[in-house]
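Student: Residues per chain, in single letters:
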Amino acid sequence: MSEVMGLKAKLGLNVFKEDKEFHIRIKPGREKDERLKKAVIVCPSGLYSANDAGDVEISVDGCLECGTCLIACGEEVLEWHYPSGGAGVQFRFG
Amino acid sequence: MEKFDVIIVGGGLAGLSAAYTLAQEGLETLVLERGDYSGAKNVTGGRMYVNPIRDLFPDLWKKAPFERFIAREEVSIMAEERSVTMQYDGNELAQEPYQSFSLLRGKFDKWFAREAERKGAMLVSKARVDDVIMEDGKVVGVRADGDELRADVVIACDGVLSFIAEKAGLRKPLASKNYAVGCKEIIEMDRQLLEDRFNLQGDEGMARLYMGDVTGGSFGGGFLYTNKESLSLGIVVGIDALLENEEAFKAPELLDRFKQRPEIASLIKGGQTAEYSAHVIPEGGVKAMGSLYGSGILVAGDAAGFSMNIGVTVRGMEYAMASGYYAAQAVMAAKARNDFSGASLAEYKKLLDKSFVMEDFNNFKESLDVLDHSRFFTFYPELAGSIMRDLYAVPAGAKDRIFPTIKKHMTVGEIFGIARDMWRLRKI
Ligand SMILES: Cc1cc2nc3c(=O)[nH]c(=O)nc-3n(C[C@H](O)[C@H](O)[C@H](O)COP(=O)(O)OP(=O)(O)OC[C@H]3O[C@@H](n4cnc5c(N)ncnc54)[C@H](O)[C@@H]3O)c2cc1C
Ligand code: SF4
Numbered sequence: 001m002s003e004v005m006g007l008k009a010k011l012g013l014n015v016f017k018e019d020k021e022f023h024i025r026i027k028p029g030r031e032k033d034e035r036l037k038k039a040v041i042v043c044p045s046g047l048y049s050a051n052d053a054g055d056v057e058i059s060v061d062g063c064l065e066c067g068t069c070l071i072a073c074g075e076e077v078l079e080w081h082y083p084s085g086g087a088g089v090q091f092r093f094g
Numbered sequence: 001m002e003k004f005d006v007i008i009v010g011g012g013l014a015g016l017s018a019a020y021t022l023a024q025e026g027l028e029t030l031v032l033e034r035g036d037y038s039g040a041k042n043v044t045g046g047r048m049y050v051n052p053i054r055d056l057f058p059d060l061w062k063k064a065p066f067e068r069f070i071a072r073e074e075v076s077i078m079a080e081e082r083s084v085t086m087q088y089d090g091n092e093l094a095q096e097p098y099q100s101f102s103l104l105r106g107k108f109d110k111w112f113a114r115e116a117e118r119k120g121a122m123l124v125s126k127a128r129v130d131d132v133i134m135e136d137g138k139v140v141g142v143r144a145d146g147d148e149l150r151a152d153v154v155i156a157c158d159g160v161l162s163f164i165a166e167k168a169g170l171r172k173p174l175a176s177k178n179y180a181v182g183c184k185e186i187i188e189m190d191r192q193l194l195e196d197r198f199n200l201q202g203d204e205g206m207a208r209l210y211m212g213d214v215t216g217g218s219f220g221g222g223f224l225y226t227n228k229e230s231l232s233l234g235i236v237v238g239i240d241a242l243l244e245n246e247e248a249f250k251a252p253e254l255l256d257r258f259k260q261r262p263e264i265a266s267l268i269k270g271g272q273t274a275e276y277s278a279h280v281i282p283e284g285g286v287k288a289m290g291s292l293y294g295s296g297i298l299v300a301g302d303a304a305g306f307s308m309n310i311g312v313t314v315r316g317m318e319y320a321m322a323s324g325y326y327a328a329q330a331v332m333a334a335k336a337r338n339d340f341s342g343a344s345l346a347e348y349k350k351l352l353d354k355s356f357v358m359e360d361f362n363n364f365k366e367s368l369d370v371l372d373h374s375r376f377f378t379f380y381p382e383l384a385g386s387i388m389r390d391l392y393a394v395p396a397g398a399k400d401r402i403f404p405t406i407k408k409h410m411t412v413g414e415i416f417g418i419a420r421d422m423w424r425l426r427k428i
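From first to last, the protein sequence lines stand for chains A and B. Residue 1 is where the first sequence starts when you use my numbering, and the numbers rise one by one after that. Residue 1 is where the second sequence starts when you use my numbering, and the numbers rise one by one after that.
No wet-lab data here; the hints were simulated from the structure. Any given hint could be a false lead.
[Unchecked claim] Using 27 Å as the maximum straight-line C-alpha spacing, the simulated DSSO-like pairs for lysine-lysine come out as follows: (1) B:K365 <-> B:K172; (2) B:K365 <-> B:K138; (3) B:K354 <-> B:K365; (4) A:K27 <-> B:K172; (5) A:K20 <-> B:K138; (6) A:K37 <-> B:K177.
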């Protein structure tokens with residue numbers, strides 16, 4: 001079996017450009033919403049996690065702008081925008 | 001205030017195809033792309049079929065920066081412990097004009113953007129469009145970075161999430177059952193090693209699709225395409241299927257699990273991962289599509305839902321390019337009439353209906369419902385694998401006869417089940 005490259009290391013290979021603000025936020029008061037648990041499973045970058053209190057948190061660095069969390073959880077719990085022009089992931093191969 | 005003939009939101013394949021076609025006919029065309037360059041935000045598996053769109057862009061193909069032409073097609077059916085692979089090759093696929101090519105969007109879209117500019121289109125990158133400007137129910141322009149830009153027609157080519165079509169009231173709400181997610185790695189590999197390993201000569205390439213245990217039994221599959229000096233390796237899985245999977249694999253785990261299969265590990269050995277990407281894919285077909293046009297606006301490519309996942313293969317790039325082309329044709333006809341109302345732009349739908357695009361989507365209308373059926377992703381792969389194991393096993397004692405070996409796997413109940421599945425399959 002080949003060794004598995006951790007997600008952090010994998011994401012470290014990509015080119016990301018910083019944005020002025022977070023482009024995805026959990027809507028205030030929705031942190032415990034069950035729908036957010038789906039993001040923990042579907043996010044290809046593993047950016048969502050549930051803390052001990054059962055609140056789901058997102059750390060948006062490493063976001064691939066794929067849209068999966070938005071589709072899985074919905075607009076009621078997530079505020080989701082693309083990063084500003086020229087910010088975010090910039091694929092070299094794609 | 002600046003006014004253009006056409007503003008295109010999104011400089012991916014759909015947007016660039018529309019821009020290329022419009023600029024060629026002398027229309028003042030502005031493309032707004034949020035990435036650093038065209039290709040910076042675009043993810044694909046890796047293979048474009050050229051035949052359906054060859055004549056729409058006759059001058060484009062000679063210099064197109066494709067990776068390899070696909071000279072060998074393979075399908076692997078993966079069971080948990082084993083897999084069965086079928087291969088299709090021979091002269092047919094290796095003869096010009098080639099049917100399909102592997103490609104990397106980072107290179108291809110960047111190049112295509114320059115070709116569109118050469119035709120006279122104006123491209124502005126690092127520009128995110130935030131809204132459409134509506135007046136009396138008609139789209140008259142867009143807002144980007146606080147600027148208002150106006151045009152006779154806006155073409156939304158902003159990809160699968162299409163906030164532009166949503167803002168114009170044309171898109172249906174995003175329902176998770178109509179979307180899949182794809183995760184992909186680019187694995188760089190020395191060219192000689194790659195060609196030796198996959199038995200390729202010169203620019204020949206191969207495409208292999210995987211079904212079965214790739215996705216832990218969920219609707220979806222895996223792909224491996226050879227590029228010049230890299231491999232495109234990835235998985236595609238339905239979002240609902242992923243959420244419903246009993247083993248609750250996380251999306252990135254599925255890709256790692258796939259990479260660790262001995263069948264895959266041996267193929268990528270000696271390669272280095274260079275990039276990790278992911279993207280949502282529309283796969284709801286006609287049933288999930290919203291309106292393709294409105295007053296002053298058209299929708300093309302993934303934004304309109306023109307991607308098709310029929311289990312073993314995802315196709316979207318030809319549809320993106322063709323719909324961009326037909327959107328351009330519809331705009332030119334509307335300009336000749338000087339009428340950009342919805343009724344006038346409806347010509348776009350008529351052009352698509354007559355083309356391979358809508359014909360394909362109508363033909364495969366039922367495919368998602370039929371294929372989203374776990375038997376195709378667990379039962380059949382296990383069945384194929386087990387039959388092969390028993391046929392090839394040579395035990396210490398006498399080998400079983402072939403007929404009883406196969407019969408063992410085919411009880412009356414199984415045969416009935418297979419007949420029922422065939423009955424479902426007749427719809428696609
Ligand atoms: C993993 C995977 C595998 C696939 N495999 C294949 C395959 O092998 N063959 C195939 O034919 N198809 C495949 N597809 C489908 C194919 O990639 C898509 O159908 C195709 O990329 C759609 O092109 P598009 O131009 O419509 O959209 P995109 O390529 O998504 O382009 C949309 C563009 O719009 C820009 N944009 C979005 N919003 C804004 C905004 N507000 N302002 C400015 N710009 C904006 C984006 O930056 C982007 O450049 C695959 C897809 C995936 C994800
Ligand atoms: S857009 Fe994709 S990568 Fe970004 S947080 Fe959502 S699921 Fe994760």
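Student: Now tell me if each hint is right for this structure.
Tutor: Hint-by-hint comparison with the structure:
For the hint linking K365 (chain B) to K172 (chain B), the alpha-carbon distance of about 17 Å falls within 27 Å, and the restraint holds. Proposed proximity of K365 (chain B) and K138 (chain B) is contradicted: the alpha carbons are some 31 Å apart, above 27 Å. Between K354 (chain B) and K365 (chain B), the direct Cα distance comes to roughly 16 Å. Compliance with the 27 Å bound is thereby established for this hinted pair. A hinted pair counts as satisfied when its Cα atoms are at most 27 Å apart, and K27 (chain A) with K172 (chain B) qualifies at roughly 22 Å.
Taken as a hint, the K20 (chain A) and K138 (chain B) pair is broken in the structure, with Cα atoms around 33 Å apart against an allowance of 27 Å. For the given pair, K37 (chain A) sits about 17 Å from K177 (chain B) by alpha-carbon distance, which is consistent with the 27 Å threshold.
Checked against the numbered hints above, the structure violates hints 2, 5; every other hint is satisfied.
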